[in-house]
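Student: Sequence:
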Amino acid sequence: MVSLVAAVFAIAMFFVAGAYANGTFVPPLGTITDVEVNGVDTGSGVNIASFAGQNLPVEITFIASEDISDVRVKAWISGEREYAVSSNRFKVFNGSTYNWVISVSVPFDLDPRENLKLKVSVESKGESVEKEVALAAQRESYLVEILDVVTDTEVKAGEMLALDIVLKNRGLEFSEDTFVRAKIPALGVEERAYFGDLSPVDQGGNNNPEKEDAAERRLFLRIPSTAKPGTYVVEFEAYNDDSSTTLTKKVNVVGSGQESRVVSAVKEKNFAVGEKGSYSITLVNAGNKLSIYELVVETSDKNLDVSVEEPIVVVPAGSSRSVKVETSALKAGEYTFAVNVNSDGESVAKESFTANVDGNKSASTIVAGGTNTTVLLTVVLAIVFVVLLVVLIVLLTRKPEKEKEFGESYY
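Count along the sequence shown starting at 1, add 14, and that's the number in our numbering.
Possibly wrong hints are sitting among the right ones.
Dumping the calculated DSBU-like pairs for lysine-lysine here, alpha-carbon to alpha-carbon at most 30 Å [said to hold, decoys possible]:
#  : residue 1 : residue 2
1  : K170      : K303
2  : K197      : K338
3  : K364      : K303
4  : K139      : K88
5  : K170      : K263
6  : K316      : K290
7  : K290      : K338
8  : K242      : K197
9  : K139      : K170
10 : K364      : K170
11 : K364      : K283
12 : K139      : K105
In short, the hints are calculated from the structure, not lab data.
It should be emphasised that the depicted structure is a prediction, and the values quoted were computed from it without experimental measurement.
Kindly produce the complete structure, drawing on both the sequences and the hints.
Tutor: Here it is in C-alpha cells:
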C-alpha cells in the first residue's frame with residue numbers, strides 16, 4: 015500500500031513539474047525528439063545492429079522546456095548505468111534545440127541471444143528525461159582477446175621474465191590453432207606459445223578441455239645480460255588464420271649484465287719472429303649459477319697465428335678461470351687481434367691485444383745461444399781431454415818387450 019502511494023505521488027509530481035504547450039504535455043527539462051545510432055535514425059523503431067566491443071556514436075536531439083543550468087546528456091547500455099558516458103555540463107534555454115554526440119561502448123562479454131537496450135538521458139538537478147532504443151547486438155565471427163597478462167614489473171639483466179597469459183575467444187566461431195607471441199623489440203628477444211582451439215561458448219571443464227573458451231599459458235623471455243637499465247615495452251600478439259589482437263605492457267630492467275666480467279692484465283707483448291707471445295684472459299662469474307663461456311678469436315692478418323688454449327670454458331658460480339692465448343708471426347711488424355667472449359649466445363666482452371714482432375732474435379735468445387755454444391765447446395774439449403788421458407794411461411801401463419838373448423855356442 016505504501017509503495018502504491020509513493021508511485022502515485024511520483025507520477026503526480028512528474029505532472030506538476032511538467033507543463034502544457036498547445037494542449038500537449040511537455041516533461042520537465044524538455045523533450046528528446048530524436049536519437050541516431052551509428053548514423054541510423056531510431057524513430058522508426060528498428061533494431062540497430064551492433065557488435066561486441068564496438069564504439070557506437072549516439073546523436074541526441076533535445077528541445078528544452080525551461081531555462082536551467084548544469085544539464086548533462088548521458089547514454090549507457092541496459093544494466094550498466096554505472097558505466098554511462100556523460101557529456102560536459104551546459105545551460106539550456108526554454109524553446110532552444112540542442113544536439114549532442116557521445117560515444118558508447120558495447121560490452122565485450124555478450125550472450126549471443128541477449129537483447130540489449132541503449133538508454134539516453136538528459137538530466138539536471140534531480141530532473142531527467144529518458145529514451146530507450148533497441149539494439150541487435152552480436153559478436154564478431156572471429157575475435158580473440160588477451161584477457162590478462164601477469165608478470166613482474168622489474169627483472170634483472172641476464173634473467174628470465176615469466177609471462178602468464180590468459181586468452182579468451184570472444185567470437186561466434188571456434189578460434190582454431192591460436193598462438194600468442196611475446197617480444198621486446200628493443201632487446202631483440204621473442205618467444206611464442208600455442209594455445210590450441212578455443213570454443214565460442216565455455217562447455218569444458220576437466221572432462222572436455224577442448225570445449226573451453228579461455229586458456230592460460232606461461233612464456234619466458236630471457237633478458238640479455240648486456241641489456242642497459244631502463245623501461246622496455248613488451249608487445250603481445252594473439253593470432254590465428256582468422257584474426258589477431260595486440261596488447262602492450264612495460265617492464266623495468268635493472269642490473270645491466272654485471273654478473274660476468276673479463277679481465278686481461280697485459281694486452282701488449284714484444285717477441286721475435288719464430289717465438290710465441292703468451293697472453294692471459296681471466297673470466298669472472300659473479301652470478302649465482304654456472305656459466306659457460308665461448309672464446310672466439312678475431313684477426314684479419316694471415317701472417318699472425320692466434321690460438322686459445324680452451325675455446326669453451328665452464329666457470330662455476332662465484333668463481334673465476336684464466337685462459338691462455340698464444341700468438342706467433344711469420345713476419346716482423348705490429349699486429350692487433352681481439353678475443354670475443356660470449357655466453358648463452360650473447361656477447362659478454364671483447365678484449366683487444368697488440369703483438370710487436372721483431373725480425374731479429376731477442377737478446378735473451380742470443381745470450382741463450384752463446385751459452386749453449388760455450389757449453390758445447392766445453393763438453394767437446396772435455397771429451398778430447400779424456401781420450402788423450404786414456405791413451406796416455408794405456409801407453410804408460412804397457413810393458414816393454416823382453417830383449418832377445420844371444421848366447422855363444424860352443425861346438
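Student: Against this structure, judge whether each hint is valid.
Tutor: Hint check results:
no.: 1; hint: K170 - K303; in the structure: 14 Å, holds
no.: 2; hint: K197 - K338; in the structure: 39 Å, violated
no.: 3; hint: K364 - K303; in the structure: 22 Å, holds
no.: 4; hint: K139 - K88; in the structure: 14 Å, holds
no.: 5; hint: K170 - K263; in the structure: 17 Å, holds
no.: 6; hint: K316 - K290; in the structure: 16 Å, holds
no.: 7; hint: K290 - K338; in the structure: 12 Å, holds
no.: 8; hint: K242 - K197; in the structure: 17 Å, holds
no.: 9; hint: K139 - K170; in the structure: 55 Å, violated
no.: 10; hint: K364 - K170; in the structure: 22 Å, holds
no.: 11; hint: K364 - K283; in the structure: 18 Å, holds
no.: 12; hint: K139 - K105; in the structure: 12 Å, holds
This entry does not satisfy hints 2 and 9, going by the numbered hints stated previously.
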